[in-house]
Structure formats: structure tokens, C-alpha cells
Amino acid sequence: MTTLTAPPAPAATSSAATGRRRRRRSGANVWLTVLLILASVFTVVPFVAVFVLAITPEGAQTIPQRLPDEVTLDNLSAVLSASSFLRWTLNSFVYSIVSVVVILLTAAMAGYAFARKRFPGSNALMWSFLATLMVPAQATLIPMFVLVSRMEGVNTFWGLIVPTLANSQAVFLMRQFIKGLPDDLFDAAKIDGAGEWTVFWRLVLPLTKPVLATLGIFVFLWHWNDFLWPLVIAQTDEMRTLTVGLSTLNAETVARARIMASAAISVIPCLVIFGVLQRYLVNSIATTGLKG
Amino acid sequence: MTLQRTAPPRPSWRDRVRDPGWGLIFVLPMLVLFVIFRFVPSLGALGMSFTDYRLSGDFSFVGAENYRRLIEDDLFFDSLRVTLLYALMYVPLTLVVSLGTATMLHHVVRGRGLFRGLLFLPYVTSFVMAGIIWIWIYDSNGLVNGVLDRFGLGPAPFLTGNQAMVLGSLAVVSVWKSFGYSMLILLAGLKNIPEDVMEAATLDGAGAWAKFRRITLPLLRPVIFFVLVIETIVAFQVFDTIYVMTGGGPARASYGLVYMLYDQGFKFFDFGYAATIGVMLFLVVLVISLVQRYVLDRENT
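As they're listed, the protein sequences go chains X and R.
Read in the numbering used here, the first sequence has 166 at position 175, and its numbers run on one by one without any break.
Heads up: take any position in the second sequence, counting from 1, add 13, and you land on the numbering used here.
Hints are computed from structural coordinates only; laboratory data are not their basis.
In this text, a Cβ means the ideal position worked out from N, Cα and C, and glycines have one as well.
Accuracy of the hints is not assured; some may be wrong.
Pair by pair, the computed Cβ-Cβ distance ranges are [as the list claims (entries may be wrong)]:
{"no.": "1", "chain 1": "R", "residue 1": "Pro42", "chain 2": "X", "residue 2": "Leu71", "range": "32 to 40 Å"}
{"no.": "2", "chain 1": "R", "residue 1": "Leu232", "chain 2": "X", "residue 2": "Lys200", "range": "43 to 51 Å"}
{"no.": "3", "chain 1": "R", "residue 1": "Asn205", "chain 2": "X", "residue 2": "Asp228", "range": "28 to 36 Å"}
{"no.": "4", "chain 1": "X", "residue 1": "Val25", "chain 2": "R", "residue 2": "Val53", "range": "48 to 56 Å"}
{"no.": "5", "chain 1": "X", "residue 1": "Pro197", "chain 2": "R", "residue 2": "Arg81", "range": "56 to 64 Å"}
Please model the entire structure based on the sequences and the hints provided.
Written as C-alpha cells, this is what we have:
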């Protein structure tokens, strides 16, 4: 058994060679670092620009290479006191958070069923769920809209939220994770006489916490950043989400400082999520391949 | 077999009653959602493409009329060309940027976590947000033209110039917003390349570039291919940035496939025709996926 594990440390490469290599590596490292700094400037500068423009007085701006002479909070307060902006923010939160809660629950249930239960047609059903991944959301936009408008769902929260809850990526991820849990746990629960709901609430949900957290972050970001569906379904100002609201501000050519202030505020929740959960987010993409 | 091993206590009447149905009960909420909001609309798209469905809800079957109209519609082929051109710019650019940054992250000694975070940052924003920032960056009084101005160049008409320039500018925005995803996938792939292969090559005196070309690229091929397919599909669905930044213009230079679908559906309320464009979009994505299947199967045998 042990013959296959850990090869012994490579015996004594000459220390001179290692030293040379290390020196050459450190030279290359300076270059790598410089290039990475440049790439980071590319990704970060636009964010800095939004926040700088958001606190620059209207009209005083657009000399991009230096900071504004004068700083103002007028743009931000004007945005926050405009009633529709807060309403859009609220709508985005409702859209995102309700979706997170419902998708996590229903996907965990479905994932549990597909992983641990055999019922007539379970395989066919799993495959038909997966097959919907092949149909881009935009391809079904028109029939979805017609369906929801026939059900009187245009400009309602349920019309906005419910059609986006059928999420095969979430189901598949939960199924894979629950399949990987040790059988003994489920057997033990059964022997202890735990009912089906008890097993789900007391065993499945607690054990899947890490994957639920990952999925929750992604579902939140997907919905917070979603655009096309809210654009067609939320047609009144008071039903708009932040992305749709921002795009209308942009189309109405409202003063630029105002737009940038709105954009700055709207990106804050994402930046908070990123700040707090960055490592988590980054690792989960590598391991689960979830795509926004 | 497992039944014997775990030896459940005598099956009670409750077990017999509840066992067959519980799987279905757990799957039921998601199943209902899928049937109503995935299966029905998917078939609905196909069905509607054979009708002249209007906003009022009135429709009659028109056979293949929509498809006939589509092949005679220059606008459709233009939008297909726009999308293809965009994909031809976006996909290679995003691959180069994400592979380049992933390789650098893989080799850098200090600050890897910090750089990885900073490079991934734009991924958490929306395309709408990205579009709004980049409108200003591309503006004649904006960031890039401000820099160009210092060198006595410019102003470059990033969003108002010719088609190649506009689509290229849009592609850069999408790369900025989303290359972090592919970067992380490729980085995970790089970590899976066995350390000793690299060591052996180094001892044989291979330079960095030779190692990259002869070892990294071949071993990373499946991952690169995955990224290519995903990004190509994403490219064919481009909409948000076009809507926010150019509105399909100037002079329909950025009038892509999904933009046309939206335009026909929600500006002209020609739902039957718009649904037909949706079916076409589905076929394009299907072909890309089938090509992926074919290539992967051939590689594995």
C-alpha cells in the first residue's frame, strides 16, 4: 500500500543550481508582479472612477487624470432622496432574497430526492431538468412573457420572481453534494425512526450548509445583476429593479454625476458580498464551476 | 445488497405507505416550477414560431411563414453577422486575458490572493453597471480619450465609430466584467498540472516559454476547450451591454441577435417573429454544444 504514496524528496539537486534558478525566478517575479499590478489597474480603476465621479460636483468633472478639486455629497443625497431609487433598491432586494430562499429550499428538496430516492421516472426527470440548461433564457423570453402576462403577472412581484426560480444548476449542484454524503448517516437516521421531514430538516439541510452558502451567494448575484427579465416584466417605475432603473436613468440622459452616484450605491451590496466572501466565492467557482 | 447489509428493522405499515411517494413529494415544488416556466415556454417558443402571435393575444397559424420571412430578412442576417463578429473578438480576447492572468497568478510568489481578488472584482457587478461606467470611460471627455489627449491623439469614437471599433469596444467591456470566471477555471486547471513534470523540464533546461508551449498548453487543453465553449455561448447571448451602451447602433452596427429578438418582441410586439428568432438562438447554442460533444468524444477515444 505504502509503495504508491509520497515519493521521497528528490535527493540533493546541487545547491548552486537551485540558487541560480531562484535568482532567475525572482527576476521573473518582478515582471510578473508588475504585469499583475497593471491587470489589477485595469479591473479596479473603473470602480474608483465611479466613486470619484459620484462625489464630484456636476459639471466640474471629466478631467480624468486627477482628483476633483471639490468634493460634494449632493449627488449621493439627491439620488437617495429621489423616491424611485430607494424603491428600485427595495425591489432588487426582494427579487434577490426571495429567490435565494425559495431556490435553496426547493433545490435542496429536489436534489435530495434525486440523490437518495428512487421513484418512477426519477432518472428521466433529472435529465429533463438538465436538458433545460441547453435552452438559453433569451430563447424562451417571448413565450415566458406571454405566459406570465396571461396569468396577469406583469408588474407584479410574483411575475418577476416565480418564473426565475426553476434553476437546474442549483438542483444539479445539490444532488451532487447530497450524493456524496455518507450512506451511514441516512441509514442511522432511519434506524432511529426519523421521519422523512426530520431527515430533511435535521440531516440534509445542516450537512449541506457549505454548498447552500455558496449557492446562496451565486443566486443572490444572479438576481441582483439580472437585467433582461426584469426589463420586460417590470414596466412601471415602481416595479423596476436597480439594473432596470439604472438603465432608464442612463437612457433619459440624467446628469452624469447623478447616474454615477446611483451606480456607486447600487454596486455596494455586491462589493460587500465580495469583501466578506471573496475567498469562498473564488474557491467555489474552481470546485463547482457555477457560472453567473 | 445494501438492504441486507444495513438490515432495516421490520418495515412498518408507514414505511410501505410512504416510501414510493416521498421522492416525488420532495421533487414536486421544483417540478411544478420547471413544467410551467421551463418546459411549457420551451415548447411554446417552437409553437409560437408557427403563429403570428400579437400583443393582443390574437393569433392564427401561419405555417413556416416566420421562417420564410427570416431567411429573406437582411436584418436577421446582419444581426447574425454582428453577433458572430462580436464573438470572434470577444472569445479570443477573453481567453488570452484569462489565460494570461491565470498563468501569472499561478507563478507569482507574493500577493497571489490579493491579485486574484482584485482581478476577480468586476465579476460581481452587473453588465448594466459595467456598461454605465464604460460609457464614461469611452466618452470623448472620458478616461481613455483623456489619456490619448495627453499624447496629442484622439478623441477616438469608441462607441460611435465603425462597426469593428464599436463591437471591439463592447467586447472589451464584457471581457472586463467576466474574464474573472474563466481565469479561476484555468487557474484550477493549472494547479492540476503535476509539479514534477515542470521540474523535469526545468532540469532539462527548458525556458519558461518552451515549458508553457510544450507542457502547460497541451495539458490544459481540455480546460481551455471548456472555457472556449462556455464563452462562445455567452458571446452569442450578448444583450445587456448593447442595450445600455449603444442601443444597437450606430446605424445598427451593434444590432445583435438577442437585441433583434428584444426589438421585434417589445418594440414592434411581433411576438411570433421574435419567438422564431429565439428558436434560431437555441439552434446556434445547440450546434456549439454538439461540436463540443463531438470534439470531446474524439479526444477521449
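- Query: Does the Cβ pair R/Asn205, X/Asp228 satisfy 28 to 36 Å?
  - Reply: violated, 50 Å
- Query: Could one say that the CB atoms of R/Pro42 and X/Leu71 fall in the range 32 to 40 Å?
  - Reply: Check passed, 38 Å falls within 32 to 40 Å.
- Message: Can you tell me whether the CB distance of R/Leu232 to X/Lys200 sits inside 43 to 51 Å?
- Response: Since R/Leu232 and X/Lys200 have Cβ atoms about 35 Å apart, the given range 43 to 51 Å is violated.
- Look at the Cβ atoms of X/Val25 and R/Val53 and judge whether their distance stays inside 48 to 56 Å. holds, 55 Å
- Do the beta carbons of X/Pro197 and R/Arg81 sit within 56 to 64 Å of each other? holds, 58 Å
Comparing the model with each numbered hint stated earlier shows that hints 2, 3 do not hold.
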